[in-house]
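Grab the two chains, each in its own frame, and use the hints to assemble them into the complex.
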Amino acid sequence: MTTSLTINGTRHQVDLPDDVPLLWVLRDEIGLTGTKFGCGVAACGACTVQIDGEAVRSCQVTLSDVWGDVTTIEGLGTPDAMATIQQAWVDHQVAQCGYCQSGQIMQAAALLAENPDPTDTEIDDAMQGNLCRCGTYTRIRAAIRAASAKMKEA
Amino acid sequence: MSRLGTIARRTFLIGSVAIVGGVAFGVYTLRKPAPNPLAPTEGETALNPFILIDRQGVTLISPRAEMGQGVHTTWAALIAEELDVALQDVRVLHGPAAKAYYNTAMMADILPNKGYDISGFQHAVGEALGVLGKLVNLQITGGSTSMKDGFVRMREAGATARETLKQAAANRLGLSRDQLRTEAGQVIAPDGTALPYSDLAAEAADIDPPAVTLRDAREWQLLGKSLPRVDMVAKSTGTAEFGIDIRLPGLKFAALRINPHLGGSMIGFDPSSAIDMPGVERIVDLGNGVAVVARNTWLAQQAVDAIEVDWDVSPNPPDTDTVFARIAEAFDTDENSAMRDTGDVGEPPEGATELSAEYRAPYLAHATMEPMNATALFTGNALEIWCGNQSPTFQQSTCAELAGLDPDAVKIHTTFMGGGFGRRGELDFAAYATKIAIQMPDVPVQLTWSREEDMTHDFYRPGAMARFRGAVKDGKAVMLDGRIAGQSAARQAMNRWIGLPPAGPDKIHVDGAFNQPFAIPNYRVRGYLADLGIPVGFWRSVGASFNGFFHDTFIDEMAHAAGRDPLDFRLELVEAEHAPSAATLKAVRDMSGWTGKTPDGVGRGVGFTYSFGTPVAQVIEVMDENGTIRISKAWIACDMGIALDRGIVEAQMIGGMVYGLSAACYEEITFADGAVEQRNFPDYDAIRMHTAPITEVSILETNTYMGGAGEPGTPPAMPALGNALFDLTGTRARELPFRKTFDLLI
Chain A
1 MTTSLTINGT RHQVDLPDDV PLLWVLRDEI GLTGTKFGCG VAACGACTVQ IDGEAVRSCQ
61 VTLSDVWGDV TTIEGLGTPD AMATIQQAWV DHQVAQCGYC QSGQIMQAAA LLAENPDPTD
121 TEIDDAMQGN LCRCGTYTRI RAAIRAASAK MKEA
Chain B
1 MSRLGTIARR TFLIGSVAIV GGVAFGVYTL RKPAPNPLAP TEGETALNPF ILIDRQGVTL
61 ISPRAEMGQG VHTTWAALIA EELDVALQDV RVLHGPAAKA YYNTAMMADI LPNKGYDISG
121 FQHAVGEALG VLGKLVNLQI TGGSTSMKDG FVRMREAGAT ARETLKQAAA NRLGLSRDQL
181 RTEAGQVIAP DGTALPYSDL AAEAADIDPP AVTLRDAREW QLLGKSLPRV DMVAKSTGTA
241 EFGIDIRLPG LKFAALRINP HLGGSMIGFD PSSAIDMPGV ERIVDLGNGV AVVARNTWLA
301 QQAVDAIEVD WDVSPNPPDT DTVFARIAEA FDTDENSAMR DTGDVGEPPE GATELSAEYR
361 APYLAHATME PMNATALFTG NALEIWCGNQ SPTFQQSTCA ELAGLDPDAV KIHTTFMGGG
421 FGRRGELDFA AYATKIAIQM PDVPVQLTWS REEDMTHDFY RPGAMARFRG AVKDGKAVML
481 DGRIAGQSAA RQAMNRWIGL PPAGPDKIHV DGAFNQPFAI PNYRVRGYLA DLGIPVGFWR
541 SVGASFNGFF HDTFIDEMAH AAGRDPLDFR LELVEAEHAP SAATLKAVRD MSGWTGKTPD
601 GVGRGVGFTY SFGTPVAQVI EVMDENGTIR ISKAWIACDM GIALDRGIVE AQMIGGMVYG
661 LSAACYEEIT FADGAVEQRN FPDYDAIRMH TAPITEVSIL ETNTYMGGAG EPGTPPAMPA
721 LGNALFDLTG TRARELPFRK TFDLLI
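Protein chains in written order, with UniProt numbering: chain A, 1 to 154; chain B, 1 to 746.
Just so you know, these hints were derived from the structure itself, not from any lab. Just so you know, not all the hints are guaranteed correct.
Unchecked claim - Between beta-carbon pairs, the in silico distance windows are: (1) A:65 with B:287: 35 to 43 Å; (2) B:287 with A:4: 49 to 57 Å; (3) A:1 with B:313: 38 to 46 Å.
Claimed, not checked - Cβ-to-Cβ under 8 Å is the rule here; a few derived chain B residues that face chain A: (4) 220; (5) 646; (6) 647; (7) 651.
Just so you know, even glycine gets a beta-carbon here, dropped at the ideal spot from N, CA and C.
Here chain B stands alone, though its shape is the one from the complex (with noise of 0.2 Å):
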C-alpha cells in the first residue's frame, strides 16, 4: 500500500485507556501520537478519546462544537447506532482543547479541486491530507465539515466500544464473544443474562480492542431517520447553558468599549467620570479600548459609556465608496487565481450574442443573537476560559500568550454557542476577557458585549465585487468569464489563528464561482485580492456567500440574454456536468410546480449553488402586495450524498436558506470616520416570522462523496431572490441588499 493510504489507514485505529472507574476509546494518532488531553499519565497509551465508560454511563466527548447545527446529536447518533445504546442514553460533553481533536476533513477542502468532479484518489489523497490538519491545531468547528470528519471515526469507536465490552462479558461468562449480542446498553448471553456496559467497564479497560467491521447502511436503526436532538429540553426550558450563563463563586461583570475607527489604538481616557458610578470596582485599560469591571453587566455598560476616549484614527479608508474603489482597484493587479480556465474565453465564438454585468455585495456582520463574551479565571499560574467558540486550541495558545503562560496551564471550557456562523471561530472574545481576568487574580470575571459594540467590532463578511463577461449561442451558454474582486478571508483568518498568512491561490475566495458544475465550453473564473485591512472573517457559507450571487445571477442574465426558460437553461448545462446537482433542480421544478409562468403579482426566481461538497436548488417566490413585496415561498433541494439526520438536514437547509435571505434583503454594512455605521438591529435587520417563507425541502442521497449541511443552504437564497425580484418586476438589481432597488416587506 502507498505511503499515504499508509498513513490514512492508521489514523484510524482504535484503541482504549482506562478511566478512573471504567474506560474510555478513541482514536489512534498516526506516528507522534498527540498527547491525550483526558488521561495524560505519562507511558499511557495515547489516543484522542470520543468515548467514556464509566459507572454513570456512556459520554461522548465531542470536540466539535454545538452552535445550532446539530453536531452533539449526529455524532452521538453515529456512536451509538454502533454501540447499541439509546441515543437519549448518551450524554454529550464538549471536549477540551487538544491536539488530538483536529478536524480531519478540513484541509482535505485546500485541495485545488472543484470537489465535485474529483476522481477516487483525489478524494483519498484529501483524506491523507487530513492528518496535516493536526499540524496547525486545527480544531475547528467550521466548513461544513463535521460530518465528513466524524462518519467514519465515531462509527468506528461506537463498533470497537461495543466489541471490546462483549470481550469483557465473554471472559467474566467464560463464552465466547461471538455468541454475545448488544441492545440498550447492555451485553446480553445466549441464557438472557444481561450485562450493563457499566457493570465492564473496568474490565473492559485491560482487554486489546478487537478489529471491527462497521455496519451496512441498510441495519442503521438511527442514521438517515429524523432524531430527538439531545440539546432541545434544555434549549426549550432555558436551562442549556451558553458562555454568557456561565455563574462562577464571585463572580464579577465587565463591559468594554473598543476603538471604533476600525484598527484605531487610544492615545488615552478619562476614567473620573465612571470610577464613583454605582457598582464599580475596577477600570481596565485593553490597549485598543477599556473595560470596567462591576457588580453586574448593566452596571459595568453605564460606567464604560461614561468614560471620555480620545479614540486614535483608523489606518484603513474613511468610507464605503473609497473601500469599494480600493476593491475595483484591485481588478486593475495581478490575479491571485484562475482555478477554472478551460476553451477559450477571448472572443466569442461567431455569431454569439455577448453579455457583461459588475456586481457588489457588501461587507456584512454575523449578528449572532448572543453578543460576544467569555469568561476568565487568573490564578497567577493558570489561566480558565469559559465560551462559546469554534477553535478551542487557538482560543488556548492567544490567551496563553496574553497571560505569560504555557499553553498546558490554560484550560478552555467550550459552552453551547447562541449562533456562531463563523464569529466564534475568532479569538478577541476570550482575549479581552483574559486582559481583564490578569488584572484581577483570583476574581472570575465574565466580559460582555454590548449589541453596539459585537456589531462594529465584528471581523465582516468582505465586501465584493465581480465582472463577468459571457456569450449565449443557440440557447446555450458558450463563454463565461467572470472576475471576483475582495479582501481575502482566509489570509487574515489563518493570521490570526496562526500567525500565517497562507501564500498562492485563494480557493476559498473563489468558492462557489470557479467549481460550479456546468458545462460550458470556454469557462474563466479569476480572482483578485484587494489589499484593505478592515477585519474580515469566515462567515456562513464565506467565498460562496458572495459568489454564489455574482454566478448565478450572470447564468440567470445569460438565460435570459439566450431566450430561455432560466431552469431549464440551467439544467441543461448542468446536466452534462453532475447528475446530483441536475437532480436538485429537477427536484425544486417539480416540488415548485414551476412552468417558467406566473400570473400577474407574483415571481418566481431559480438560484442554484455548489458548495461544500454539496449542490442546492431554490426555487423563490415573491409577490406583489399593493406596492410591497413579500417573499412568499420557497423550495429548497439538496444532495449531500447520505442526509445522517433528516430532521437537521431540512432545519440547517431553511436556516441557511433565512440567513441567505436576511443578508439579499436587508444587510449591509457600511463605514465612515473608518468605523461602522450600523450599531443594532434596527439598522441591521434580519428576516422574522413575517418575512420568512412557507418552505419545502427535500433531501436527495445520491452523490458520490459526503458533502455538508450547515453552509450550501445559504449561497442560492439571494441569486434565488434577486432572480424572482427579476421575473416579478423586469429589474435586474446587481447590488445587493435588495432593498435598495425594491420596496421590500420589512
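Pulled out of the complex, with its shape left as it was, chain A reads as follows (with noise of 0.2 Å):
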C-alpha cells in the first residue's frame, strides 16, 4: 500500500506494507542513510530520529504508525550549515568511529529542545539509551552543555 511521509521537509510516497519500520525506509527506500542500525530492539540508540521534534527509535516506529514530520541527521544540518548542536561535536572532537553519534546529535537536539540547560542528571536521563562502544561520553556531555550555552546566548 502507499502510504505518504514528510521527511525533513519534503514529501515522499512509499509503497511497502505498513508494518516496515521507519528505519528502513529511510535508509534502504529512501537512501537517508545516516540514520543507523544497531540493534533493531530500541536498545542502542543508533536509529534515533525526531517526529514532531520528539527523539524516538525508528527501528520500533513502522510506516503506519508515523505520526508526524520526520526529521533525520540530514535535516538537522549539512557540512555546509550545521546545526548549533552539530558544530558543538565537531568543537569538542567527539566522533571516534561515529556510527552512534547520528543518534547521539538527535537526542540530544531533542532534550535541549524541551530542555535548554539540563543538569548533568538530565544529561544522563536523557541519554543513556544511546549507546557508543567507542566510550565517547565525556565529550558528549561537554559538547551537549557548550551547545546549550550556545543557544541561550542566541
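Laid out in C-alpha cells, this is it:
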C-alpha cells in the first residue's frame, strides 16, 4: 500500500507493507543513510530520529504509525550549514568511529529543544539509551553543555 | 653496514611516478618490488604510493583503515607536517588491497622480547623484520601499530614530495632549489612568486626525488598538538559513509541466518514459508546457513527468520561449564610457552608469606555498533566488495577463492568502520556477501547481519583461566609464578588469514602477563593452550585483555598480603625495572590525590598494564549509593614515547578504558547446546552515559620507543575496577564480569 511521509520537509510516497519500520524506509527505500541500524530492539539508540520534534527509535516505529513530520540527521544540518549541536560535536571532537553519533545528536537536539539548560542528571536520563562502544561519553556531555550555552546566547 | 641494516634502509627509499594529471609519491619496497596498485603500467617504477598530487590537490592514500582511532587524521598530519600543506586540504582515501601496503610494524611484535627492555639492536632487528610482513600480505590495521608503521614513512613521503615540487619550481623559474621555500600548498620564490603544488605536479613527475632530511620535532607545527579530525564534520552530519551505507544503482538487500550451534553445518531447510513473503527475490543456500535477498533489509530479515531450518549440532562442548573444564584441563598439558623465567620459583624464600589465586575471564563479543555487513557485485569475471575491514589483502584472497577468480580480479573498497576492535579483521562478512553475489551476477547485493546474528557469530575473545602463586617478604614481592590457560586467538586467526597456524610459543596468549616491568627476583609466566574449536579472534588488546586482569589483580593481592599500600608497592617494583612505567604510576597518584585512604562509601583501586609498547596506569574510584555501586571517577596516565595527536590519544585512552570497563562490569558470552546465549544489547550491555566515570588523562612522553594508543587503555581498566571494589567492600572478585559478585549500577 502507498503511504505518504514528510521527511526533512519533503513529501515522499512509499509503496510498502505498513509494518516496515521507519528506519528501513529511510535507509533502504529513500536513501537517507545517516540514520543507523544498531540493534533493531530499541536498545542502542543508533536509529534515533525525531517525529514532530520528539526523539524516537525509528526501528520501533512502523510505517503506518509515523504520526508526524520526520527529521533525520540530514535534516538537522549539513556539512556546510551545521546546526548548533553539530558544531558543538565538531568543536569538542566527539566522534571516534562515528557510527552512533547521528543518534546521539538527534537525541541531544531533542533534549535541548525541550530543556535548554539540562543538569548532569538530566543529560544522563536523556542520553542513557544511546550506546557508544567507543566510549565518547565525556565529550558528548561537554558538547551538549557547549551547545546549551550557545543556544542561550542566541 | 650489516645486511639487516641495508634492508631496513632500503625499505625507506622514497620514489615518485607519473599519474594522470600529476604525480604520486611513495616508498620503494625492498628487492623484488611489490606491484604498484595505483599505477600498474608495465615497466614503470614500482612503489607504494601514499601521496597523490594532481589538479584536485593533495590526497593521502591510507592503507590503514579508519575505525575511530584517528589514523586518517594523524597519517595526514605526518604528511602535511613535511609537505607544508594545511591539514584540511589533505583529502584522505582508503587505499586498495595491495602487497605494497603491508604493515611494517606488526611483524616486529613477534620477536620474543618483553618490549620495554629491548636494546637498540633488538629494535633495529624488529624494524628489519617488518619487511617479512609483505610475505604474508600483512595489510593489517591492528596491534596498535599504525603510528609506529607510519611515523617515518609518511613524513619521508611528505618531505620527498615537498623537495621534488621545489625542484620542479626551480627548473621552471631558473633558480636553485635551496632558494625556494614552501608554505600552504605552494612553492614560493624569493620575489614572492607562488606556484601551487597542483600546477607543479605534472613536472614533478619527471624529476628523480632528491634525498631528504626529516624536520626536527622542535620544528613541528602540527604533530604533537590536538588537531581537528579530518572525518569529524562527516561523522557529525550523517554523511560519513560506512559499509552499511553503500548505495549502488539496482542494489538489493540481504539478511542471513547461520547455524547458531557454532561450527555446525546445515542439514536442510524449507524455504516455502519465505518465498512468497513481500519483497523477497531470492533464497540462497550458504552451506552452513541461508540468506534471503529482498527489496530492503527488513523484508529480507523477516523472510529469513520465517525459513524452517534443520541445524546440525555443534562440534564444540555444549555449555560454558564444560568449556571451562576443558580450559582447566590445559593446565595439565605441556606448557606452550615460558616467556619469562628468572630466578627460582620452586620454594619461596625462608620466612616469606605465600599466596595463590585462581582467576577466570569469560568469552566476549566485540559488539561493534555497526553490525557486520558487506556489499558485493559479481560480473562473471570480476568481483567488487565494499566493506569496512582491517585486512583488505586477506578479504581479497578469500573472496577470490570463493568466486573462482584470480585475486587481481577482485577489488576491495574499504569504508569507514562503525567500530572494529579486531572484529573487522575477520573475513566472514565479505565471504558470505560473495557467496550471495555469485548467485546473482550483475546485481549488487548488500548483506547486513541482524544484531542477533552478529552477536551469536563472532570470533570471540577467548575465555581464559589463570593460576598464580607468589610470595612476599619484608613488604616486597619476592616470587611470582603465573600460569594462563585458554584458546589461542592468534593460531586461529592466522589460520583463517593465511591457512597456516603459527607453531611454537604463542606470545600473544601471555601478553600483558609475561612482559610486565616488575622487578621480582623469582618470576615465571607460562602459557597453556586449550584444545577447543570455538571461534576466537583478536579483541581490543587481545591477550592483555585477560592477562592484565590476572596479573595486576594478583599484584594487588600481593600488596595487601605484604601489608603495603597497593600503589606504593607497585611503584617500588616498577621503578627498578622501567622508569617510564613508574612515571605513569606517579602521575595517577598525583592526579587522583592518592592517599591510600578513602572515606566510607568510597573505594579506590589502581591498575597497571604495559601492552603494545605503552605503559598505562589507572586509578578508578567507586561509590556505594544506597547499596548500588557506581564508577564515579577515573584517572589515566600513559606513555607511548611520542604522542602525535594529544586529543586523539586522550580519546583512545578514555575509549579503551570504557571498553575495558564494559567488559569488567557486564559482558559475558555463555554457551548452551554449543550456541551463544546472548543475542542483543539487553543481554550484553556496556558502559553508558550515566555509568561512565568522569575521567582525567595525563600523556607522558619519555618512553624510548614509540608505543601504541588504541589498545593499551583497555587492560588496566579491569584490575583497577576490581581493586577499587575490593577497597570498597573487602570482597575480592576473581572472576569477570563483576556484576556476578557486586550490585553495580546498570
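- [ ] Tell me, in ascending order, the numbers of any earlier hints that this structure violates.
- [x] 2, 4, 5
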